[in-house]
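**Q** In the order they appear, the protein sequences are chains D and A.
Take the first sequence: its position 87, counting from 1, is numbered 87 in our numbering, and each next residue is one higher.
So our numbering is basically just the index in the second sequence, starting at one, shifted up by 1000.
Calculated directly from the structure, the hints in this document are not laboratory data.
Check before you lean on any hint, since a few could be wrong.
Which bits of chain D does chain A cover? Going by a derived footprint, with three or more residues having C-beta under 8 angstroms, they are [to be verified]:
id : segment
1  : 54-61
2  : 90-104
3  : 134-140
4  : 154-165
Heads up, the beta-carbon is just placed ideally off N, CA and C, and yes, glycines get one too.
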Amino acid sequence: MARIGGQADDLPPEGRPRELRVVSDDTYADWRAVYEDNVDRIHRLMFAKVGNRADAEDLTAEVFLAALGPARLDRSIGEVRAYLLATARTVLARHWRTTMGREITAIDDDQIEAVRQDDPVSDAPQRAAAILDELPERDRRILSLRFLQAYSIKDAAVALGVTVANAKVLQHRALRRAAQLGGGRA
Amino acid sequence: MSVRRFVEDLLRGRRARGFRPDDEEAAQMRAAIELRAGRAGSGAASEEFVADLRRRLATELDEDDRAVPIRSGRRRVLQFGSVAAAGLAVGAVATRAASTPADVAEGPLVPNDGTWTRVAASTDLPDGGVRGFDVDGVTGFVRRDGGQVAAVSGICTHQGCALRLDAPARELRCPCHRTSFAVNGTLVSHQLPTPPRALPTLSVREADGGIEVLAPPP
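Put together the whole structure using the sequences plus the hints.
**A** Structure (structure tokens):
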């Protein structure tokens, strides 16, 4: 008999084989299960879209406060996740429209599908590396020091052997070039 | 300058402050966010945040929403938590525009044994003005529209937090869960599973150069 996990004494008294279900048909027991399974996922996604913890936390909270009440727990895990992601997309879009009057970043269909399928959500390091790879060495260094290695502007200036004022100009120009490479990508 | 401030805030780990970026600035912001998000180990939710939000959700979902009275036209129906809630409405908005009939108030707040209590001088409330007050037993906001004075309760109908006046927007905002009401007490927006009721109105009058509300006896 094909079974996943458990010992023979796990069988119900009648000795009936347990119904085996693939993960995508499984459901969550309650809202807590939905929350525990998805809070880090949604937070990582929001952080990748806003770049700071305070906003990522606010938006993550908004997603769960809005979605957990209406979420149908008799739906499959994949469907509940898709619902959370669709809510996240709306919450993020409103955040940008409210603060900046336009959408700066967005959650796209591929990301919704990735989360639904339980693929690892964070390709953030690869995306950052892809931007840096296309830039000239000087741009790459200042951006890497400031954004990836958390150097202060002073420390970055020392590391590059330039003045603080110069480092600021370098950083600004490098970011402008990075933006041009990015094109219309959200 | 504003995109520089955005980047500076981002690198200092501060939340984004609003401005109106053009296409070029928006592209720079995207690049900055992608680069910052690429920092090793920076996207995980903190344990403290996860625990805090779990507590917040528990107060929303375990107690409040077992049976939420909502008004549907003249009829009062009971909606039982998620069971009766709408289906898998993909794309649900988080802060909902308050368009449901549930934003009807219970009615005016009239204490059994009220006394007229002065909350402001008439001269302190020009036409179009809104002013908060806090007297024995009642907290609220008085306003003057077209010469008429009116008042609403200053306590959020969700869980009782004290509302704050956003004078430019003419809204009363709840600091606890981002609910907001118009100064006349109707619900403007909320992020809750079910819309909270509108704010109760208070009886108010003008007498002897002062504005008075009917408040419980001190």
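**Q** For every hint, state whether the structure bears it out.
**A** Verification of the hints:
no.: 1; hint: 54-61; in the structure: holds (count 7)
no.: 2; hint: 90-104; in the structure: holds (count 9)
no.: 3; hint: 134-140; in the structure: violated (count 0)
no.: 4; hint: 154-165; in the structure: violated (count 0)
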